[in-house]
Amino acid sequence: MSLYAMCLAIPARIIELSDQSAVVEIGGVTREASVMLLEDAAVGDWVLLHAGFAIERLDPEEAEKTLALFREMAAAGPDADPDPDADAAEPQ
Amino acid sequence: MPIPIPMPMPQNRSNPFEPFRDPAAAAALIAKIRGSWDGPPVRIMEVCGTHTMAIARHGLREPLQGVAKLISGPGCPVCVTPDGYIDAAIALAEAPGVTIATFGDMVRVPGTRASLERARAGGADVRIVYSPLDAVTLASADPAREVVFLGVGFETTAPTVAGSIITAQARGIANYSVLPSLRTIPGAMALLAADPDVKIDAFLCPANVSAIIGTDAYRPLVEVCGLPCVVAGFEPLDILSSVLMILRQISARTARVENEYSRVATPAGNRKAQALMADVFEPCDADWRGLGVLPGSGLGIASKYASFDAGRKFGVAVLSTPERPGCRCGEVLKGMIDPPECPLFGNACTPESPVGACMVSTEGACAAARRFGIGA
Ligand code: SF4
Numbered sequence: 001m002s003l004y005a006m007c008l009a010i011p012a013r014i015i016e017l018s019d020q021s022a023v024v025e026i027g028g029v030t031r032e033a034s035v036m037l038l039e040d041a042a043v044g045d046w047v048l049l050h051a052g053f054a055i056e057r058l059d060p061e062e063a064e065k066t067l068a069l070f071r072e073m074a075a076a077g078p079d080a081d082p083d084p085d086a087d088a089a090e091p092q
Numbered sequence: 001m002p003i004p005i006p007m008p009m010p011q012n013r014s015n016p017f018e019p020f021r022d023p024a025a026a027a028a029l030i031a032k033i034r035g036s037w038d039g040p041p042v043r044i045m046e047v048c049g050t051h052t053m054a055i056a057r058h059g060l061r062e063p064l065q066g067v068a069k070l071i072s073g074p075g076c077p078v079c080v081t082p083d084g085y086i087d088a089a090i091a092l093a094e095a096p097g098v099t100i101a102t103f104g105d106m107v108r109v110p111g112t113r114a115s116l117e118r119a120r121a122g123g124a125d126v127r128i129v130y131s132p133l134d135a136v137t138l139a140s141a142d143p144a145r146e147v148v149f150l151g152v153g154f155e156t157t158a159p160t161v162a163g164s165i166i167t168a169q170a171r172g173i174a175n176y177s178v179l180p181s182l183r184t185i186p187g188a189m190a191l192l193a194a195d196p197d198v199k200i201d202a203f204l205c206p207a208n209v210s211a212i213i214g215t216d217a218y219r220p221l222v223e224v225c226g227l228p229c230v231v232a233g234f235e236p237l238d239i240l241s242s243v244l245m246i247l248r249q250i251s252a253r254t255a256r257v258e259n260e261y262s263r264v265a266t267p268a269g270n271r272k273a274q275a276l277m278a279d280v281f282e283p284c285d286a287d288w289r290g291l292g293v294l295p296g297s298g299l300g301i302a303s304k305y306a307s308f309d310a311g312r313k314f315g316v317a318v319l320s321t322p323e324r325p326g327c328r329c330g331e332v333l334k335g336m337i338d339p340p341e342c343p344l345f346g347n348a349c350t351p352e353s354p355v356g357a358c359m360v361s362t363e364g365a366c367a368a369a370r371r372f373g374i375g376a
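If you read the protein sequences in the order shown, they are chains A and B. Sequential numbering of the first sequence, starting at 1, is according to my numbering. Sequential numbering of the second sequence, starting at 1, is according to my numbering.
None of these hints come from the bench; they were simulated from the model. Cβ atoms here follow ideal geometry from the backbone N, Cα and C, with glycine treated the same way. Careful: at least some of the hints might be erroneous.
Facing chain B, from chain A, some residues (calculated, C-beta under 8 Å) [unchecked claim]:
{"#": "1", "residue": "P11"}
{"#": "2", "residue": "L37"}
{"#": "3", "residue": "H50"}
{"#": "4", "residue": "A51"}
{"#": "5", "residue": "E62"}
{"#": "6", "residue": "A63"}
{"#": "7", "residue": "M73"}
{"#": "8", "residue": "A74"}
So the derived label-pair ranges between C-beta atoms look like this [stated by the list, open to error]:
{"#": "9", "chain 1": "B", "residue 1": "E117", "chain 2": "A", "residue 2": "E39", "range": "38 to 46 Å"}
{"#": "10", "chain 1": "B", "residue 1": "R312", "chain 2": "A", "residue 2": "G28", "range": "40 to 48 Å"}
{"#": "11", "chain 1": "B", "residue 1": "A121", "chain 2": "A", "residue 2": "E61", "range": "47 to 55 Å"}
{"#": "12", "chain 1": "B", "residue 1": "S320", "chain 2": "A", "residue 2": "E72", "range": "44 to 52 Å"}
{"#": "13", "chain 1": "A", "residue 1": "G27", "chain 2": "B", "residue 2": "A194", "range": "36 to 44 Å"}
{"#": "14", "chain 1": "A", "residue 1": "V23", "chain 2": "B", "residue 2": "Q65", "range": "42 to 50 Å"}
{"#": "15", "chain 1": "B", "residue 1": "D197", "chain 2": "A", "residue 2": "V43", "range": "46 to 54 Å"}
{"#": "16", "chain 1": "A", "residue 1": "E39", "chain 2": "B", "residue 2": "E282", "range": "20 to 28 Å"}
{"#": "17", "chain 1": "A", "residue 1": "E64", "chain 2": "B", "residue 2": "E62", "range": "25 to 33 Å"}
{"#": "18", "chain 1": "A", "residue 1": "V23", "chain 2": "B", "residue 2": "G346", "range": "42 to 50 Å"}
{"#": "19", "chain 1": "A", "residue 1": "E39", "chain 2": "B", "residue 2": "E62", "range": "36 to 44 Å"}
{"#": "20", "chain 1": "B", "residue 1": "E62", "chain 2": "A", "residue 2": "V23", "range": "38 to 46 Å"}
{"#": "21", "chain 1": "B", "residue 1": "E62", "chain 2": "A", "residue 2": "E72", "range": "21 to 29 Å"}
If you want a taste of the chain A side facing chain B, the calculated C-beta under 8 Å gives, among others [what the hints assert, rightly or not]:
{"#": "22", "residue": "S34"}
{"#": "23", "residue": "E39"}
{"#": "24", "residue": "L48"}
{"#": "25", "residue": "T66"}
Chain A on its own, in the form it takes in the complex (with noise of 0.2 Å):
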């Protein structure tokens, strides 16, 4: 994949950070950024890289949160009730 592919962005770490720019991390290739899109970005934040920006933060919890949604809509049965917030998966 091409990494000039215009709207492709990536998560990666940041690692270090001084004023506007920082290091991050992608799969243990460094890059410099501009974190001048964020409020407040802290060494540790995941972000999503596009165009040498970080364009904004990525929240592991929140990941992990659909993940668990996703299992609980796969091991619903067929006529899965729509609202999300149900209580929609079977006993397994």
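Given the coordinates of chain A, assemble chain B with the ligand onto it according to the supplied hints.
Here is chain B with the ligand on its own, set in the frame of chain A:
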């Protein structure tokens, strides 16, 4: 019947976002989708080119056949950029003392007479950059040249272009400017939803555009057009579970905005990026290839930053140009035909020798169909 799905937990992984690719979980979701719908196939438009690419790469279209038809929309910025813009960029590239800096996807796009690649072969200085900030660096390294960045993109890219202008201004770099071709997505979606030729039942909303504009941005669209809108991430599980969310909304006869991509996108979006965009840009009418001029769907450079606007600085205008004969990119971009239905597909138009922009960009529907050997 419960389907056992092995879902690796994100803890203790180097990347907690990897499980969104798990093939076994994807197979379970596909079985679930197929088991939960017996109506006519639901027509879902993926508005974003990155979704188009992910769907083709992971082969998600075929297993959903008969249940959901995934239709590519106008969400590849290169594909919707009209010929007139390329012509203007080439005119700038051929001007003495000008360096063009651009994302790589743009260089092979044919304008009415040539591509930037051809202009470069003819001696023009065209550089591929990864970030608009790299273009600012080029300008500061060589103050004798004018560096023009081709600012092509949607709301994901627009804040980075705004950031480059702010950076150039702060560093007193006067030989940097931008030729903007920035477009906003929700307006185009509203137009497609209202177009009687475009038959869609729901939208898969772009991931990263939504991270910037916020998922609330689709509320007016849902109210006006009554189509379910699900903001979806780019991994296979994101796309599949979003399809399931759409089917559930349709079964329940509801239409609302749902956010599958909550690990990044929030209801309000990235306010800092929004503020920066509001400062640097102002809405303008934009010409979309295949869709025509959509009022207020573009972002032009605000007057207070006029000195960074290459159009004003060099007196270059982006002219409207007629669509190329035989090319059916417009219908592909509206999801009215699948790429192989274009008579040029794979014959006169290939990734090596593209006629239309949908074949050039890696995110284009025709390029994705061709590259991954999938019909549509
Ligand atoms: S095959 Fe080529 S000309 Fe036809 S729609 Fe696709 S990009 Fe356009």
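Self-check item: Hints breached by this structure
Solution: Failing hints: none at all.
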